[in-house]
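Novice: So the protein sequences, as listed, match chains Z and Y.
The opening residue of the first sequence carries number 0 in numbering that gives the first Met the number 0; numbering runs sequentially from there.
The opening residue of the second sequence carries number 0 in numbering that gives the first Met the number 0; numbering runs sequentially from there.
These aren't lab readings, by the way, just hints derived from the structure by calculation.
Careful, some of the hints might be misleading.
Looking from chain Z toward chain Y, a few residues come up when the C-beta cut is under 10 Å (computed) [said to hold, decoys possible]:
| hint | residue |
| --- | --- |
| 1 | Thr-182 |
| 2 | Asn-183 |
| 3 | Ser-186 |
| 4 | Lys-187 |
| 5 | Ile-527 |
| 6 | Gln-577 |
| 7 | Thr-607 |
Just so we're clear, the structure is a prediction, and the values are computed from it rather than from any experiment.
Glycine included, every Cβ here is placed at the ideal spot set by N, Cα and C.
Chain by chain, the residues run as shown.
Protein chains: 2
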Amino acid sequence: MSQAKIAVSVGLEYPTCYNIQSQIESLAAECFDYAVLPLVHPRFARHKDVDRYRVFGLPEAQVQSLSSICPQWLKLIVCDIQCKLKDFESKYVERRDHAKDLLHQELEYITYLGIPFIVVSLDQPDFCNFARTLYAHSEKNMSYTAWIKVPIRPVDTSMLRQQEEEPSSQDTWRWWNMFRSVTNYHSKFELALEINGDICDDHELTRWLGEPLRCVFIPTHVFQTNKAGYPVLNASLANFIKKILEKNLQVVIQGVNRHQSYLHYVQYMQYLKKSSHSDDPLSMAAQDFEDYLQFPLQPLANDLSSFTYEVFEKDPIKYIRYQEAVQQALLDRVSPEQADTVVTTIMVVGAGRGPLVTASLNAAKEANRKVRVYAVEKNMSAVVGLKYKKEEQWAQSDVTIVSEDMRTWNAPEKADIMVSELLGSFGDNELSPECLYAAQKYLKEDGISIPYNYTSYIAPIMSHKLFTQVKSSMIKEHQHPLYRFEQPYVVYQRNKYNIAPPQPCFTFVHPSEDKDPDNSRYTKATFIAEQDSVLHGIAGYFDTFLYKDINLSIHPDTLSPGLISWFPVLFPIHEPIQLKTNDEIEVHFWRLCDNVKVWYEWLVTKPTPSPIYNLDGRSYKMMKIL
Amino acid sequence: MSQAKIAVSVGLEYPTCYNIQSQIESLAAECFDYAVLPLVHPRFARHKDVDRYRVFGLPEAQVQSLSSICPQWLKLIVCDIQCKLKDFESKYVERRDHAKDLLHQELEYITYLGIPFIVVSLDQPDFCNFARTLYAHSEKNMSYTAWIKVPIRPVDTSMLRQQEEEPSSQDTWRWWNMFRSVTNYHSKFELALEINGDICDDHELTRWLGEPLRCVFIPTHVFQTNKAGYPVLNASLANFIKKILEKNLQVVIQGVNRHQSYLHYVQYMQYLKKSSHSDDPLSMAAQDFEDYLQFPLQPLANDLSSFTYEVFEKDPIKYIRYQEAVQQALLDRVSPEQADTVVTTIMVVGAGRGPLVTASLNAAKEANRKVRVYAVEKNMSAVVGLKYKKEEQWAQSDVTIVSEDMRTWNAPEKADIMVSELLGSFGDNELSPECLYAAQKYLKEDGISIPYNYTSYIAPIMSHKLFTQVKSSMIKEHQHPLYRFEQPYVVYQRNKYNIAPPQPCFTFVHPSEDKDPDNSRYTKATFIAEQDSVLHGIAGYFDTFLYKDINLSIHPDTLSPGLISWFPVLFPIHEPIQLKTNDEIEVHFWRLCDNVKVWYEWLVTKPTPSPIYNLDGRSYKMMKIL
Ligand SMILES: C[S@@+](CC[C@H](N)C(=O)[O-])C[C@H]1O[C@@H](n2cnc3c(N)ncnc32)[C@H](O)[C@@H]1O
Ligand SMILES: C[S@@+](CC[C@H](N)C(=O)[O-])C[C@H]1O[C@@H](n2cnc3c(N)ncnc32)[C@H](O)[C@@H]1O
């Protein structure tokens, strides 16, 4: 099997540090990228007053020679901290103090060496003294990042038996959850998951994906052996590891080699990485935007840039669906007999640089129907592009460019078909309702709106990463203290866990029967938490029906393959809400309007009440005026 | 019964507004202070498009004439808002919109008139749309304060039966709790409690005392009639109302007169107020300090002012106890036979302006024992006072003034008795341990320390008022975002509810057997919530034993009568934690020390985890250096 090394970073855990240099050398031979190893021997009895040279002398000697041979050695090492949580939580002050002194000693030495990553093991449910010591040290000393290694199953079950009244303490996710809460979501603590059990429930594994997972430790004993004698993982675990590798996270192999060579574990990881590799357009488009928060566009109030239009126009599926929709509508509206005589008036409202005009003209050609097209656009710069296209590409067709706000345009005739795409990631958040209900006055009584409806969806999510990003985003002066939590963010959500499936929120239908429809909405939705978890915010999606059953969707269950124009929305909350399995999560959403703006408000009332977010649009609003 | 009017403010609720002027006039006749009345007739069918004159014409006419006769009329009126919560929460948009329009109409008129107080009734468990409407209006329009009227029993039990699965919705405290959370503890919303049931469980009533109670509505039907024919309340209710009146809160009588005259209800309130009047020294001293947050003193790092010493010295009980303690110690230490020959060396360390020197000299006189007193004080200004006292008051006695830091003083001899008062509201928070363990080197082997021990206590509390005060306290620039929540505050806590009884936290004993004792501490305590409630912080207390069983205590259960020198402490948390009856509350407290400072850290881990507060003393610390 000779295959180019695929970008997958695999480490090897050594239980002891006998000779750093030779350990690092053997790494390379087996294709590992780095070693996880302790700098002190675990069995080396230490006392804080012992001369540090006795404790660290050996590594020091090795390190000094190593630095000259391999100046990059710091990148090849993750230091496995040797500390006993039991001692930290002992009822004896002396034991607690001793544990603290030793940890300090080790962390100081690590800092001195400049080792960038350390691993600490969270191997029991009580660890408040340990967490405070590490947290306090890390706050003062930001030189290293700590991987908090949590086993998926409790290791020492003897101590659990004592606590049997509390089955929750067996759920190691709760240990991690406690740790990160106590340390206030400190950005220098990342999660390292140890797959120390074979019972791998998909459901449960999924939950870890909402955490700031940096690394997965796989003990050699969880590998099976395939017919050819190579190490492999069972299907559910293999799947999980694929997801891990897809996200470019680390994997560390731990334990003695149980197969021919350590190399085979690495090769298996490379194989998994390769088979996980996905080249669907959405993942490609999202590559640089994973968990990256963006403010939603406001194409009504602000003029979009040429670049933004260009990005839209790259969508490989959106315009195809629109073309299908227009074509179908033309066929339904004009019988074959009338094909030569009847001219259908199509108005593309919010035409941008014209892709929907092109789609409409293509549709007419395919359907063999005659059309007159108006392209209405209020962005005067985009109109330049439309005029250019009219000359260059649409010269053979009947296209009129209208540089107007569709809401106030005095149309010379009424439309048979009105085509628009004024949709945001949350459906109505680019003010499609406000624009289309106003434009409706020049749509014929029996005219068709493409799209004819759209619905937003909401779902509770857990995402440590998104939460901390919102929390740390800059707050502008003179803003409401909750400002940063009162914004919807457009974000491709990768590092997250879906607490419960989405539910519909707001729906709009076009055209409206009502002359002056009310665009405000209120919805209350109740979700049931599938597992113990933490509510960090509400994800938002939408779907839309263009014509009949021709649709576009970013709802996870009905996602249109290939659609890349919209990432989901995140509505944050300012304080995480702890959830137990089967807890009800009650969420309220408002869409509210006044003369100049539209805004959302959101609120959680169960299991515990939050404040109303974005009251009266104080932090976020969509402006109706140009 | 002719009796001077005692300061008690009683209102009368009118179901309708038939003639404001005559209604106001009859108020005075019956000794009421103000009227609670609607400005629109509840049966007056309204529509938002109806000419407002039809709705408000009558009050407007009355108001215009009233303003000239009685310019103060606005102070005599609280407006009872007429709105139906059911409509706000209807599933029909039209009904919701209608309710919203009517509320806006009424609030606008109220604002126009400038009425400072309004009452709205929270009479059902669902009210999110109503709360949002009122909240949004109040945020824009701070001209009025709204009393949120909550019945102690659900009024409309029909709607509860539908929801029987949720018994919690019958607990109207939860309605209030939901309301104030949803409206983010808005300072313009205060609680008005309606005593609409006779079953008044003390326990349950107590919980309301943790809320921002402004007013209690008492329907005439809950009054009983005593032998003389006058209206009276049952014992538990009378007790509750006494507490209300003690806090100078409002009372409103509602419903038809069921006794000879409305006047008698008012007189009964005056009677209750009078009998509630307490003149114990603590309540007197606390009068201007109720729920008023103060930073703890740091008498070691900062020199106290003469005024502060003067306040201390007013304590009617502290110095008596000290004198008793010294006297007893002298008697125990020196037998009657040795009375004339043995001179006992007393060192008053941290003598301030000398009250403990005086107490010691008095004790010697009472005990008829000979003493030599050293008064050690590091505050050089206070030393001036000591010198003055030596000349003026202690001239006949053997008193030596020592202007030194007790920790570094090179004493000419060793003490038999070391007297000090270096205690803060949380016992050790003025660094008594650090000072006394250092001074111990000049205490004889068998010497006596007065006090010989002290213990701090912690207890979970609910207090809307204290929480909002901490939250709104100014944050200094460049401070940690949690800064204001990472301070202990000294505060006389009145508007609060004790969620569970206090438990011991840290104890120090003097003298120490250890030469170099470790003054850091760690304690974990578990409390059980007695009722559904909200954790807003941890109250702190202390007690101390001076000699044998002579003690001083601010622990609520063992409070030394008359002691006024110490108010309790509050350790806040930044986010309220919702509690259910029997929930475990697990709290961790650390006392930590380094070379220059001592600090506390605190943490809640159950029912839901908080961050560690004041990590590494980042926001609050007690400095050890002068
Ligand atoms: C989301 S873009 C879609 C552009 C183009 N149809 C496409 O699919 O690539 C929406 C377009 O509608 C335009 N628009 C928004 N509101 C408008 C209004 N009231 N009148 C005219 N154009 C409007 C914006 O300027 C923008 O070009
Ligand atoms: C709480 S006051 C008590 C004063 C006085 N004994 C009384 O009871 O009114 C504590 C006093 O101890 C003094 N003090 C604190 N630390 C001291 C130290 N290390 N050496 C000397 N005096 C100290 C302060 O200056 C202050 O006057």
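Novice: Compare the structure with each hint and give your call.
Specialist: Okay, the hints, checked on the actual structure:
Hint on Z/Thr-182 holds. Least Cβ distance to chain Y is approximately 7 Å, under the 10 Å limit. The criterion of a C-beta within 10 Å of any C-beta in chain Y is met by Z/Asn-183, whose closest approach is roughly 3 Å, and the hint holds. For Z/Ser-186, the suggested interface contact is broken, since its CB lies about 13 Å from the closest CB of chain Y, more than 10 Å. Here the hint on Z/Lys-187 is broken, as its CB sits about 13 Å from the closest CB of chain Y, past 10 Å.
The beta carbon of Z/Ile-527 is not positioned within 10 Å of any beta carbon in chain Y (closest approach about 14 Å), and the interface hint is therefore violated. For Z/Gln-577, the suggested interface contact is upheld, since its CB lies about 4 Å from the closest CB of chain Y, less than 10 Å. A least Cβ separation of about 4 Å between Z/Thr-607 and chain Y falls short of the 10 Å threshold, and the interface hint therefore holds.
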